[in-house]
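*Asks:* So you can see what is in the structure, the chains are spelled out below.
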Amino acid sequence: MSSPPFSASRRQFLALGGIAAATAFLASCAPGSGSIFANSSRPELQFWHLLSGGDGVTMSTLLDQVQAAQNAYAVRPTVLAWGEPYYTKLAMAAAGGRAPDVAIMHATRTLGWAPGGLLDEWDLDKLAALGVSEETFSAPIWEKGRIDGKQMSIALDAHPFVLFYNTDICAKADVLGADGRLKPVSSPEEFLEMLRAVAAASGGHALSYGYLGDGAQMWRLFYTLYTQHGIEMEMPLGGTLGIDRDVAIESLEFMQQILDGELAAAQSDYGTAVAEFSTGKSGFFLSGVWELRTMQDAGIPFDMAMIPTIFGTPSVYADSHSFVLPHQSSPDETKRDLSYRFVADLLKSSLGWAEAGHIPAYLPVTESAEYSTLVPQAHYAEAAQHVTYDPPAWFTGSGSNFQGDFGGAVQPALMSGSDAGEALDRFIDTVNVRLLQPNPADPTEVS
Amino acid sequence: MTAVTPRTDTSLVVTGSPRHGRRPARSRRDELSGWLFAGPFLVVFLLFMVWPILHGIYLSFTDQSLTGAGGELVGFANYADALSDPVMWQSLGNTAWFTVLSTVPLVLIALVMALLVDRGLPGQWLWRLSFFTPYLLASTVISQIWVWIFNPQIGAANNILTAIGLEPVSWLQDPNINMMAIVIATVWWTVGFNFLLYLAALQNVPPQQYEAASLDGAGTWRQIWSITIPQLGPTTGMIVILQVLASLKLFDQAYQMLGGVSSDTTRSIVQYIYEAGFVDYRFGYSSAISYIFFALIVIIGLGQAIVTGRRNSAKAGAR
Chain A
1 MSSPPFSASR RQFLALGGIA AATAFLASCA PGSGSIFANS SRPELQFWHL
51 LSGGDGVTMS TLLDQVQAAQ NAYAVRPTVL AWGEPYYTKL AMAAAGGRAP
101 DVAIMHATRT LGWAPGGLLD EWDLDKLAAL GVSEETFSAP IWEKGRIDGK
151 QMSIALDAHP FVLFYNTDIC AKADVLGADG RLKPVSSPEE FLEMLRAVAA
201 ASGGHALSYG YLGDGAQMWR LFYTLYTQHG IEMEMPLGGT LGIDRDVAIE
251 SLEFMQQILD GELAAAQSDY GTAVAEFSTG KSGFFLSGVW ELRTMQDAGI
301 PFDMAMIPTI FGTPSVYADS HSFVLPHQSS PDETKRDLSY RFVADLLKSS
351 LGWAEAGHIP AYLPVTESAE YSTLVPQAHY AEAAQHVTYD PPAWFTGSGS
401 NFQGDFGGAV QPALMSGSDA GEALDRFIDT VNVRLLQPNP ADPTEVS
Chain B
1001 MTAVTPRTDT SLVVTGSPRH GRRPARSRRD ELSGWLFAGP FLVVFLLFMV
1051 WPILHGIYLS FTDQSLTGAG GELVGFANYA DALSDPVMWQ SLGNTAWFTV
1101 LSTVPLVLIA LVMALLVDRG LPGQWLWRLS FFTPYLLAST VISQIWVWIF
1151 NPQIGAANNI LTAIGLEPVS WLQDPNINMM AIVIATVWWT VGFNFLLYLA
1201 ALQNVPPQQY EAASLDGAGT WRQIWSITIP QLGPTTGMIV ILQVLASLKL
1251 FDQAYQMLGG VSSDTTRSIV QYIYEAGFVD YRFGYSSAIS YIFFALIVII
1301 GLGQAIVTGR RNSAKAGAR
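Protein sequences appear in the order of chains A and B.
For reference, each letter of the first sequence is one residue, going 1 to 447 in the numbering used here.
For reference, each letter of the second sequence is one residue, going 1001 to 1319 in the numbering used here.
Read the hints as simulated data drawn from the structure, not as lab findings.
Hints are not guaranteed to be accurate.
[As the list claims (entries may be wrong)] Computed list of chain B residues with no C-beta within reach of chain A, every gap over 10 Å:
| hint | residue |
| --- | --- |
| 1 | Leu-1073 |
| 2 | Tyr-1135 |
| 3 | Ala-1138 |
| 4 | Leu-1161 |
| 5 | Gln-1208 |
| 6 | Ala-1213 |
| 7 | Trp-1221 |
| 8 | Pro-1234 |
| 9 | Leu-1258 |
| 10 | Ser-1263 |
| 11 | Val-1279 |
[To be verified] Covered, in the sense of this in silico footprint (three residues per stretch, anywhere, with C-beta under 8 Å from a C-beta of chain A), are these stretches of chain B:
| hint | segment |
| --- | --- |
| 12 | 1172-1186 |
| 13 | 1235-1249 |
We put the beta carbon where it would ideally sit given N, CA and C, even for glycine.
Next up, chain A with everything else stripped away, as it sits in the complex (with noise of 0.2 Å):
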């Protein structure tokens, strides 16, 4: 401190550091540094996805074969934590109007966002122009993204709930047709009495289904049975949820009779169950197309199918991963229709997409020869025709509290085989709690 010579050097050090640091941080935040795509003759769109893991890396590839196949622009990906996280941030941005020029939703909670204004709308004429229109995806996927008369998001994939099973344990069950896929099931008696046949063959359970501490995966059953009887819930802002409780009852109590710990285990988690099918320890395991890579690395020797119709309509659960444009207040013109061009590029290339189990919204890619020589894809890629969403309300969806509160609303009744009725109360309970408040993004909406 006393000597002079030491002191001044060491603010000069100081000094230098901070600025130093100063510009390392302005560098930092200057536009379109750090991409690995950066090219500066091309407008770089800012697109924003979800999706990691083994979906991640199959995006990631389509998003290079895109860009390679093009001069116009460049695609800077961010990728987010699934869920909360990624949701959180991306209405921040959109609330703050200054949000990537694309970004990735499930469809099911585009509704939630629509009404405050944090989706801008598509052009469909824009849309038709590049082929993409209401005839290039089938119905209820291209109805799930419209929202009061507009287009509100533009789905690239259906990924349903389906039904996994090991070709080899059900040729031994004798339940697999001629063509060497599984027969055809019309009633809960028969999908019982196939289920006995598989555990036999498997020597341990027929069928794998993890759902314990995991919302989703009760509700993804639960609803793909529920809405099989041909109804749906019906979710009215301000109102009461419209349940038919009968059906609901008899909907939870045919998981109960499935998860006796003979047919399937009584208590098993999302892991354990992907252990036990994918070590060939069962013969059925129920889940979403995603964990197709998962199966196929396993080795084992499986097929696909979509939930047989138990119980008289053909129905699965499912979401999409939908493209929307997160509100900009004064977006560039130029991007806009980059971004268009972007997305139909991409919905063209998502043949891709498929491998990673989702089914591709875009009709000119399931119906190409391609798409139907593609094993077990093609097998499953019906349910398109069937997808049931989340009913529409702004607490539901994929990622929300609103799974989980079912989760925790009918577990106990799944785990011990309880009152079903009293697990349905309290999941009727905890929604009509949620309908009474108003959508946070748009606190005067009343519908």
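Got chain A sorted already, so can you dock chain B onto it with the hints?
*Replies:* Just chain B now, with coordinates in the frame of chain A:
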């Protein structure tokens, strides 16, 4: 929380420039360099502590949503809502219950472990290491470990139960015991820190006292009861305070271990603040709950300060 350090003979006292009397010529320069040193901290402190606290109070009086909607002043509506919200009261109750359930074993087990190690279990370093290591793990890691241990089908906990002839238990799924499961995991995880504090304090107990006691014929239990535990008094007080504050913050391990299922019996108040703000996007409401919780902590803190203050002054008077 506050910058006021009571000046006692043992505390580390940082003296700034004294404000009384004539300042020496160089004191102004010293003052400047003092501010320069404190500057970076002050900037961060103001930006990330003071400002959010003030802004949070403001938000709690608005219907601000994370999505940018709302923002109108609504007076005490959020507070009124919160005070009549059964979920908030239940979450507060859960946090309080967890604090009680976890603080007692976290103090007692730490003390027992420290006594065992100090009283010469063979291989002291090994015990010290194994008791403290879990504390170094991230909450995400311990959550994963305990989710596996508590797995009702293939978990170690149920294996042990069935091996000794008991019924298996759905640790994390049964609403009657999932809080217990979280307490067990938390004790395993954080007891090492309290253990270390106790061990350090034990090693500061003057050996002459034990020597004198044993000359007077006091046995081991008598020594522990009459020398060790009274000597550890201040440390116990500090551990209890630290532990209560840490337990009140319950969030990450419970949130991670319960996964994607809402659980009314383990949702802590911090988790409810998170859910209200970041899942349901109700910033105003979430801020209001935060300040209700904050007020309760301040009350606990004041109560505790009064109690220890009284104890200290009683001691000072006795001196």
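*Asks:* If a hint holds in the structure, say so; if it doesn't, say that too.
*Replies:* Okay, the hints, checked on the actual structure:
1. Leu-1073: Non-interface label stands for Leu-1073/B: nearest chain A Cβ at 14 Å, farther than 10 Å.
2. Tyr-1135: holds (25 Å)
3. Ala-1138: holds (16 Å)
4. Leu-1161: holds (14 Å)
5. Gln-1208: holds (42 Å)
6. Ala-1213: Given a closest Cβ separation of 50 Å, the condition holds.
7. Trp-1221: The claim holds: Trp-1221/B sits with its nearest Cβ about 45 Å from chain A, beyond 10 Å.
8. Pro-1234: holds (36 Å)
9. Leu-1258: Leu-1258/B not clear of chain A: closest Cβ-Cβ about 6 Å, inside 10 Å.
10. Ser-1263: Answer for Ser-1263/B: violated, closest chain A Cβ roughly 6 Å.
11. Val-1279: About 5 Å separates Val-1279/B from the closest Cβ of chain A, which leaves it inside 10 Å; violated.
12. 1172-1186: holds (count 4)
13. 1235-1249: Result for this restraint: violated, n = 0.
Checked against the numbered hints above, the structure violates hints 9, 10, 11, 13; every other hint is satisfied.
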